Amino acid sequence: MSILVLDAEALYRELLRGVQQLCTADTKLAGITSGGAWLVERLQRDLNLPGKPGVISSAMHRDDFAKRGLSNSAQTQLPFDVNGAHVLILDDVLYTGRTLRAVLNELYDYGRPASVKLAVLVDRGGRELPVQPDFAAARVTLGEGQSLALARSPEGVFSFDVKAR
Amino acid sequence: MLYKRNPQLNKNGELIHLLSTEGLPKDILTHILDTATNFVSVSDREVKKVPLLRGKSVFNLFFENSTRTRTTFEIAATRLSADVINLDIARSSASKGESLLDTIANLSAMAADMFVVRHSESGAPYLIAQHVAPHVHVINAGDGRHAHPTQGLLDMYTIRHYKKDFANLTVAIVGDVLHSRVARSDIHALTTLGCAEVRVVGPKTLVPSDMAQMGVRVCHTLEEGIKGCDVVIMLRLQNERMSGALLPSSHEFFKSFGLTPEKLQLAKSDAIVMHPGPINRGVEIDSAVVDGKQSVILPQVTFGIAVRMAVMSIVAGNEA
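Sequence lines, in order, name chains A and B.
No gaps in the numbering here: position 56 of the first sequence is 55 in numbering that gives the first Met the number 0, and each next residue is one more.
No gaps in the numbering here: position 236 of the second sequence is 235 in numbering that gives the first Met the number 0, and each next residue is one more.
Treat the hints loosely; a few may be bogus.
[Unchecked claim] Below, simulated DMTMM-like cross-link-like pairs (lysine to aspartate or glutamate); rule was C-alpha separation at most 25 Å, straight line:
(1) A:K51 - B:D33
(2) A:K51 - B:D26
(3) B:K163 - B:E318
(4) A:K116 - B:D285
(5) B:K47 - A:D63
(6) A:K51 - B:D269
(7) B:K48 - A:E13
(8) B:K10 - A:D80
(9) A:K66 - B:D269
(10) B:K162 - B:E45
(11) A:K66 - B:D26
(12) B:K162 - B:D87
(13) A:K66 - B:D112
(14) B:K48 - A:D25
(15) B:K48 - A:D80
(16) B:K162 - B:E318
(17) B:K47 - A:D160
(18) B:K262 - A:D80
(19) A:K116 - B:D82
(20) B:K226 - A:D80
(21) B:K47 - A:E13
(22) A:K116 - A:E13
(23) A:K66 - B:D285
[Claimed, not checked] Cβ-to-Cβ under 10 Å is the rule here; a few derived chain A residues that face chain B:
(24) T23
(25) K66
(26) P78
(27) D108
(28) T140
[What the hints assert, rightly or not] Label-pair distances were calculated between CB atoms; the ranges are:
(29) B:K48 - A:D160: 53 to 63 Å
(30) A:S70 - B:P24: 52 to 62 Å
(31) A:R44 - B:K267: 35 to 45 Å
(32) A:L15 - B:K48: 30 to 40 Å
The hints are simulated quantities; they were obtained by calculation from the structure and are not laboratory data.
Quick caveat, the model's predicted, so the values are computed rather than measured.
The beta carbon of each residue, even a glycine, is placed where N, CA and C say it ideally should be.
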């Protein structure tokens, strides 16, 4: 079996290009904790957008709460009015689509957006819900036994962790 | 000696009931406080509700009167989308002679998922926790003189909110420590969280000297007790629990141990003043202190909702 090599920095540059195409003047960025939040932090800088990007957590709406309990992730902070906003959600990895379902519910707790789009670094397949990204920098196929998550070094360099579950 | 595991934790060391702050490891206390931080902002949302306890039934069982605690538990449960059933037990089954465990068995047959229990007998929530089904959780909302863990935790949340860290803090707990389950819950939590110095302050009849065994400093004058401290927790003078001549009069108590603006000056200039409520103005605390800028008594109430949401959602996510 070949070892999967994902160059997260190269994929980030690809994501930046894709996000530039998806963004309009009034697009608001919101990253899903924690990988997506790192992405928007850097995108906001690289795109010269004013203010702070949004951070959105799936914790309050997860469907595996009864099994996993409450995760201790960072909390949602949306520094813009969600009502009528064009929101671009970012995440590191799109897998089953369950996180995104929870995040959409979370977003609606703050108001009714005009539109919501999704851009991710990696789409790893394996969807269990009808969710598709508007942009994915890479598409890979990973087995159920493998987990994939973005990591960030203290210097802010991205890399991917592929691990056996 | 037979080893018995902490009845609040499952075999993985996860919190399944909240009965007391005593014996809870530091990481669980910190996890509750961190989780509460997430819930504080729920009341700022357009939709002030999250669905973590959707479809669950929370029974508020108050065998003893309470307004604030019952109400904040009810708000916390409804913000988590649970169905809340309030039972005024003091006026129903118990007065007809039903035993505590029979009451619980009957309510369990009505598909209860969580019991929030207040009882005048110390240990009642513990007894209930031992007899409920594995998926049912028990939260102690105050039992006798024993414990009031959610009050203890919201006090810790309040202290951490204003003072950030426990390591260099001096906390004074003043008044009727003898009858206070709040004091006991605070002392255990403060000790576990690494508070530098905890003082208990009051007359010898209300602050027994053997309390020093809990790792606290016992002070019998208010001046000694609050000098240089960062946090002053005033306790209510519990007339309903007072028997025998423990105090000459409440007026006398105020003269020696009532917190006035003048006496508060002995504490650090940025010290905060807390009180679990209900306050008795002019009995243990002067009105000017209650309404003063060092008072955080009302923020305590607000934080109490988030802390109770945190406790409920954490125990609900863990199986026995």
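Hint by hint, here is what the structure shows:
For the suggested pair A:K51 and B:D33, the alpha carbons sit about 23 Å apart, so the restraint of at most 25 Å is met. Straight-line distance between C-alpha atoms of A:K51 and B:D26 comes to about 32 Å, which puts the hinted pair past the 25 Å bound. Our distance criterion of 25 Å between C-alpha atoms is broken by B:K163 and B:E318, whose separation comes to about 32 Å. Among the hinted pairs, A:K116 with B:D285 is inconsistent with the structure: their alpha-carbon atoms are about 57 Å apart, more than 25 Å.
Pair hint B:K47 plus A:D63 holds up; C-alpha atoms about 21 Å apart against a cutoff of 25 Å. Distance restraint check for A:K51 and B:D269: the Cα-Cα separation of roughly 32 Å exceeds the 25 Å cut-off, and the hinted pair is therefore not satisfied. Distance check on the hinted pair: B:K48 and A:E13 sit about 38 Å apart at the alpha-carbon level, beyond 25 Å; violated. Taking the CA atoms of B:K10 and A:D80, the gap is near 45 Å; set against the 25 Å cutoff, the hint is violated.
For the hint pairing A:K66 with B:D269, the CA-to-CA distance comes to about 44 Å; that exceeds 25 Å, so the pair is violated. Straight-line distance between C-alpha atoms of B:K162 and B:E45 comes to about 30 Å, which puts the hinted pair past the 25 Å bound. A distance of roughly 20 Å separates the Cα atoms of A:K66 and B:D26; the hinted pair therefore holds under the 25 Å criterion. Between the alpha carbons of B:K162 and B:D87 the distance comes to roughly 38 Å, so the proposed pair goes past 25 Å and is violated.
This hinted pair checks out: A:K66 and B:D112 have alpha carbons roughly 15 Å apart, not beyond 25 Å. A C-alpha spacing of about 29 Å is found between B:K48 and A:D25, which places the hinted pair above 25 Å, so the restraint is violated. With a CA separation close to 18 Å, the supplied pair B:K48 and A:D80 stays within the 25 Å bound. Distance hint between B:K162 and B:E318 is unfulfilled; the C-alpha atoms sit about 34 Å from each other, more than 25 Å.
With a C-alpha separation of about 36 Å, the suggested pair B:K47 and A:D160 falls outside the 25 Å cut-off, and the hint is violated. Between B:K262 and A:D80 the alpha-carbon distance is near 47 Å, which puts this suggested pair outside the 25 Å criterion. Between A:K116 and B:D82, the direct Cα distance comes to roughly 35 Å. Violation of the 25 Å bound is thereby established for this hinted pair. With a CA separation close to 48 Å, the supplied pair B:K226 and A:D80 exceeds the 25 Å bound.
For a cut-off of 25 Å, the pair hint linking B:K47 to A:E13 is broken: about 38 Å separates their Cα positions. Between A:K116 and A:E13 the alpha-carbon distance is near 17 Å, which keeps this suggested pair within the 25 Å criterion. Note on A:K66 and B:D285: the hinted pairing is violated, with a Cα-Cα distance of about 49 Å set against a maximum of 25 Å. Because the beta carbon of A:T23 sits about 24 Å from the nearest beta carbon in chain B, more than 10 Å, this interface hint is broken.
Below 10 Å, beta-carbon pairs count as interface contacts, and A:K66 has one with chain B at about 8 Å; its hint therefore holds. Because the beta carbon of A:P78 sits about 13 Å from the nearest beta carbon in chain B, more than 10 Å, this interface hint is broken. Checking A:D108 against chain B by beta carbon gives a least distance of about 4 Å; that is within 10 Å, so the hint holds. At about 32 Å, the closest approach between the beta carbon of A:T140 and any beta carbon in chain B exceeds 10 Å, and the interface hint on this residue is violated.
Between B:K48 and A:D160 the C-beta distance comes to about 35 Å, which lies outside the given range of 53 to 63 Å. Between A:S70 and B:P24 the CB atoms are about 19 Å apart, so this pair departs from the stated range of 52 to 62 Å. Roughly 41 Å separates the CB atoms of A:R44 and B:K267, a value that falls within the hinted 35 to 45 Å. Distance hint check: the CB atoms of A:L15 and B:K48 are about 37 Å apart, consistent with the given range 30 to 40 Å.
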